[in-house]
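Q: Build the full structure now, drawing on both the sequences and the hints.
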Amino acid sequence: MSKLLKPGTYFLEGNIACAEAALLAGCRFYAGYPITPSSELMHHMARRMPEVGGVFIQGEDEIASIMMALGGSAAGLKSMTATSGPGLSLMQESIGLAAMLELPVVIVDIQRAGPSTGIPTLMGQGDIMQAKWGSHGDYEVVAYLPSTPQELFDITIEAFNTAEEYRVPVIVLADKIIGQMYGRIKVPDHSEIKLIERKKPAIPPEKYMEYLPYDSRELIPPFAAAGDGYRIHMTGLMHDDRGYPNLSQEASWKLVTRLVRKIRENARKIAKWEEHWIDDAEYLIVAYGSVSGPVKYATKKAREEGYKVGLFRPLTAWPFPGWRIEELDNSDVIKKFIVIEVNMGQIYHVVREYVRNAEVIHVPGAPGYLPEPQRILSYIKKLCR
Amino acid sequence: MVKELPPAYKDIEPLIRIERLPTIWCPACGLGIILKLYTKAIVKSGIPPEKHVIVSGIGCTGRMAGYVRVDSYHVTHGRAIPFAVGIKMAKPWLTVTVISGDGDIVSIGGNHFVHAARRNHDITVIVVNNYIYGMTGGQSSPTTPSGSKTMTSPFGHIEEPFNIPYLAYAAGASYIARWTVFHDIQLLNSILKAFKTKGFSVIEVLNPCTVFSYRNNIDMLELIRYFRTKAIVKRDVKFEDLRIEFGKPIIIGEFLHRTDKPSFEEKYLELKKKIGGG
Amino acid sequence: MVLTLSVLKTKSKYRPIFYPELCKGCGICIDVCPVKMLEFSPEFNEKGYHYPRIKDGMEDRCIGCRLCERYCPDLAVYVEVKKE
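Going down the list, the protein sequences come from chains F, W and D. Numbering of the first sequence is given in my numbering, commencing with residue 11 and proceeding in unit increments. Numbering of the second sequence is given in my numbering, commencing with residue 254 and proceeding in unit increments. Numbering of the third sequence is given in my numbering, commencing with residue 5 and proceeding in unit increments.
Calculated directly from the structure, the hints in this document are not laboratory data. Computed from a predicted model, the values in this text were never measured in an experiment. Accuracy of the hints is not assured; some may be wrong.
Lysine-lysine pairs mimicking DSSO-like chemistry, simulated, CA-CA at most 30 Å apart [as the list claims (entries may be wrong)]:
| hint | chain 1 | residue 1 | chain 2 | residue 2 |
| --- | --- | --- | --- | --- |
| 1 | W | Lys527 | W | Lys491 |
| 2 | F | Lys282 | F | Lys346 |
| 3 | W | Lys501 | F | Lys13 |
| 4 | W | Lys449 | W | Lys525 |
| 5 | D | Lys17 | W | Lys297 |
| 6 | F | Lys264 | D | Lys51 |
| 7 | W | Lys297 | F | Lys217 |
| 8 | F | Lys196 | F | Lys13 |
| 9 | F | Lys204 | W | Lys525 |
A: Below, the structure is given as structure tokens:
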């Protein structure tokens, strides 16, 4: 434990803070592939993992990296990989596998401008939908939206806890600015850092013939790692509680509903958001990630000039706290929800889903470029009348 | 429902998920023989079953993991090797074996195969080569011999197949062997040797396939006779000469066994010790 | 393989025993048997496969080579060794 970042205040690059947070959370397996702007995270892991006695490997591509991380997770280690948009696209099939096998894994996406190769060195917010819908079929993941290096640090630890508790892949949707910006990082006393481990089986390994890898009576099954002696079978095929392939309608219904219910029924526990200036708000801006910086600044300025505008900042893209948006919409006070994001409409659609009364407006942004505070202020003045 | 196996299989019975028998494989497919040999190798290896892990991909051979009663993982197409590597690196004391088909390992999984061999990961990869993509109905694979008929080469395959032992050798594997599924005694010994080899072990197993036989208008039993009789065991042979041409004699045997190359896991352990991570 | 009359008259201590429910009627054992003592039975199992049986009168032909046992992909036959 003495090899981990000691409690105190540091001045760190977001990517590095994220790596250190992972180590503090107990991550002992890192497999990755270089991709701008996430590579610093991997470089740091290449040095630190051997120091803390963990596993580091640079895979031959993103698919190998995520699959190795899943193997590490199957063997019982908290595992992680970091990438950017193009890499996340490559990993989608494996994310589906992680969801199907219910393997905890943390994927850090330091988003950049897309689509395709895009602008590798500039920020983006284009992977929000990809995080949820990227793979085929029905499954649920958890995706976080940090906005600063400190938040990236805190959220990374939380991401590991969520992955372990719900046996689900968790995606941390940071971006280039948060990842490569230096910021003040406060590392708390290690005893204050609450860590969650995956649930262990209730019966001993000798009872392996009776062990059900996926007991449908519980939403989240206990986890037996490779080498624990349970002789489990895990398959990407539709399967039953024994873990064996079962392609029947009954097995299909039971398994897929449990995979989505696991997260949907715990959405209110998992989702996070921040509200600012809600009390008298007639216009509500929805913004997240690094965009929330200039937006907060512009909103404050607008309020000083008398505009009744508030800010809703989601910290989880998935599950999205839609019930709160619905609540705010039902109060009939808010006339417009204004979604400001650097993409062509991603969280915008999710907000629309929950708003029935007010108007929902989208303010898109050119991928790569944070909207300037002055520009946002002029939008607010134009729209909030 | 199968309740028990013939007494000759008492030793491997606890290692087979007999509640799932009979297997889904076609009548006369040799995969059932490989199931017997792999479980027999586990018994004879002296390594307890709790320390064995099997990972397989997609395809007929990919179903192998589902029948073996050890920690078994049936993952996505082509990705068995990196998954297995992840398990091995996390718990290097486990004996991790990948059993998958030719398409899974050298087509979609080709990149992973080559890199795992390059790094010399201490795992065993059993490539079951049936010259075709059987599960999906008979498309050509990178090991389909020139001239054979498949669903995607209905006029005769115009491509040359991979020479898997040569590929493994060029990439850096430590143990390379090729047998047919009917050379069961040699195959069993190869699997046992591969378990012991500290490094990347590749065993190519030629297996007759009913889909391949049907597409090429050959009686399955005749295809079996071809594998049994036309395979010649050679010891001192150049890797370039191990090409497979359908109809011609097949060279099988043990082609490489290196003990001088440390595995990736050994080198990483050394690195950890040096850096102080223990 | 040439079998002399004296060999034919000896009682064999080996005999293949079949487990019809496991059989898929592939015919490998029948094809591979060096003394050609097996044939398909007119009976079939629950799955509809015809399983093998020893040809009439050939119960003592078995030489114990175990090729049927070794090459059966479905673990459906083994060679019993009778202890005298």
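Q: Just pull the numbers of the violated hints for me, sorted ascending.
A: 1 and 3
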